[in-house]
Amino acid sequence: MKFNSDEIASVLQAEIEQFDSKIEVREVGTVLEVGDGIARVYGLFGVMAGEMVEFPNGATGLAFNLEENSVGVIILGDYLTIREGDEVKALGTLLSVPVGEEVIGRVLDPLGNPLDGKGPVQSELTRPVEVIAAGVAERQPVTEPMQTGIKAIDAMTPIGRGQRELIIGDRKTGKTSIAIDAILNQKGKGVKCFYVAIGQKDSAVASVVDVLERHGAMEYTTVVAAGASSPAPLQYVAPYAGTAMAEHFMFNGGHALIVYDDLSKQATAYRQMSLLMRRPPGREAYPGDVFYCHSRLLERSSKLSEELGGGSLTSLPIIETLEGEVSAYIPTNVISITDGQIYVQPDLFFAGVRPAMNAGISVSRVGGAAQTKAMKKVAGGLRLQLAAFRALEAFAQLGTDLEPETQRDLDRGYRMVELLKQPQYQPMSVNEQVISLYAGTKGFLDDIDVKSVRHFEAGLLQFVHDKYTSLLQKMDQENALSDEIVEGIEKAIKDYKSTYKPVESAV
Amino acid sequence: MSQSASPPTVLDIEAEQLGKIYARALLGAAQAAGSTESVLEELGEICDRGLRGHPELLAAFASPRVDMTEKSRIIDRLFGDASPVLVQLMKVMARRGRLGYLAAVRTSAVEQYDEFAGRVVAEVRTAVPLDDVLRTELTNQLAQKLGRTVRLREVVDERLIGGMVVRVGDTVFDSSVASRLDKLGRAAKAGFAHQLLTHSERFSSAT
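Top line first, the protein sequences correspond to chains A and B. Quick note: the first sequence uses the numbering used here, first residue 1, plus one each step. Quick note: the second sequence uses the numbering used here, first residue 508, plus one each step.
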């Protein structure tokens, strides 16, 4: 390949001709001290809180603390080459990021700079990072489902478009996997997805991007990454930046899903900045406004009214707990802000129940209205049944003789737990979920060996796809369990069962 | 009256506060005596020539181990011929153990007097020294724009290449060649990157 130097020269010439030089008027200050990602600046007397400033090395900053004699600036970028006495320029605008279709499929830093080597984002549109959420009149209740493709979640803690559902649990319990599955399941549903990685290992972010790419999910997903090596200010800004990009779709009548992975690290970054800025520490040394830091962020997820286009932004914040301690400061804050939580537990995870959701304490406060009628019918009461099963199971461990009725409940419970297990990165459609759960709750699995339940389920779904495509089509059209469909499902299950041969346990 | 070219980079809030208070008192006393201008000039002289040139004098003034009567004696001996208001101020400051803040008092006093007299200081950076014609024109233009008497502080900075940068308070008017070249460079780079991404086929011939 040869480069055409004439063309290059002509483009540059056009740029130079178009350039109009005006006298630049700017407000400036002087760096008094700099360190730990923070600069104290003398001057800048007209600067607004949250206004962008620029350092001579090209790094942008954010006026964070306006004090009597100086301005505390957080530096979003390289702070190692900024020196005492440097001139700081106020840019007169609030921090904003590029938005629009161009950001889709990209891996960006919180300022909208590319991290994927595909060149700058070519978008004309920008949006301020910090905006106040839509008000009461601009919203409507959550009614549309946001399918995660995970049976346990869609059945027991359904999520609606515009909802904030917290995923909370200890490290290594599959929190991110749930969120990734939810993103993978949006394929072909017109939902734009945003994955905001805050304070994560860069290797973990790279593997998430890899998974998304392999499953073709990067076509509708943006990754905003502020890894563990990014300065605290960038980690603090990342969720707001991601939300600004997602809001663009919401306000244009589209639907978006955003995952904040995870907000405990963002709170830690905010704590670091606040302490360095000498704001007084409160509980667990977090600043007084750490609640507002999360509430104003999550409040921006909403379902807009029809007049505003009816767009929605669903968020899945993730919080990592230490040793299951949900009563720590940040977990309680975020639990109280969100519309429900999915609680994942290590003991379930290691017992092989994956997703390791604890059905007893996981809730969804608004999602019920957003479930499809069919799902509501098969899954209603499932959560309570499962919780009752857990209690019964604990009792049965005492070794007492059980009445046959109790034993039957127990057996059903074991099979339901087995049925709700689902491998990673294999989201299921609503119809598949409904058929599976129908088989389980109506007792069609009672005579199947517990170990074979998952094998039976896989076979059943394959069988339905092969032989009962008309049934699936009808379920798509009606979205409710009419008698006809129930009949169809039962017939399919019986048909399959008559031909089903349990696998010989190889071990 | 010459001042340091670069703005101060050390913010001593205590010094600034004290300086403001003593400066207000000094200006009040000097005005009553009717000799504000000369007092400020003498104070500037003492700070620039006396204190900056002799760090050991500054150290003696600031040190709590040199007692008050000794400081008074030094003041009388060195600055005995200064205006009585100034000598009094220094003695009061010595008595209160604040003599080390004399430079801060001077800075504040100059600022407050400028404010009172409706004057502003404009820092002018140019690549070559200003000539008299340009100087008067600039002073008049700025005075007209700002509605105040303008005092110029001239700095020669070859890095600007050409044009000038005027700084009034925290506002900078920049028409230097260096910054315009810098902006042009950035605009061309961004525009070129845009073209490259949108019509990449234009720039290469497949041979």
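These are calculated hints, taken from the structure and not from any lab test. The reader is advised that the hints may include incorrect statements.
As the list claims (entries may be wrong) - Below are the SDA-like pairs computed for lysine to any residue, each with C-alpha atoms no more than 20 Å apart in a straight line: (1) B:Lys696 - A:Pro141; (2) A:Lys377 - A:Glu487; (3) A:Lys22 - B:Gly670; (4) A:Lys421 - A:Thr400; (5) A:Lys22 - B:Arg709; (6) B:Lys696 - A:Ile448; (7) B:Lys690 - A:Pro56; (8) A:Lys22 - B:Thr633; (9) A:Lys22 - B:Ala695; (10) A:Lys187 - B:Gly670; (11) A:Lys89 - B:Arg709; (12) A:Lys2 - B:Arg709; (13) B:Lys652 - A:Lys2; (14) A:Lys376 - A:Gly46.
Comparing the hints with the structure gives:
1. B:Lys696 - A:Pro141: 47 Å, violated
2. A:Lys377 - A:Glu487: 15 Å, holds
3. A:Lys22 - B:Gly670: 12 Å, holds
4. A:Lys421 - A:Thr400: Not satisfied, since the Cα-Cα distance of roughly 28 Å exceeds 20 Å.
5. A:Lys22 - B:Arg709: With Cα atoms ~32 Å apart, lysine 22 (chain A) and arginine 709 (chain B) exceed 20 Å; violated.
6. B:Lys696 - A:Ile448: Not satisfied, since the Cα-Cα distance of roughly 68 Å exceeds 20 Å.
7. B:Lys690 - A:Pro56: Holds, because 13 Å separates the two Cα atoms, which is no more than 20 Å.
8. A:Lys22 - B:Thr633: Holds: lysine 22 (chain A) and threonine 633 (chain B) sit about 17 Å apart, inside 20 Å.
9. A:Lys22 - B:Ala695: Within the cut-off at roughly 16 Å; holds.
10. A:Lys187 - B:Gly670: Status violated; Cα separation ~57 Å.
11. A:Lys89 - B:Arg709: The hint is violated at about 37 Å.
12. A:Lys2 - B:Arg709: 11 Å, holds
13. B:Lys652 - A:Lys2: Given pair lysine 652 (chain B), lysine 2 (chain A) is violated - Cα atoms ~55 Å apart, limit 20 Å.
14. A:Lys376 - A:Gly46: 57 Å, violated
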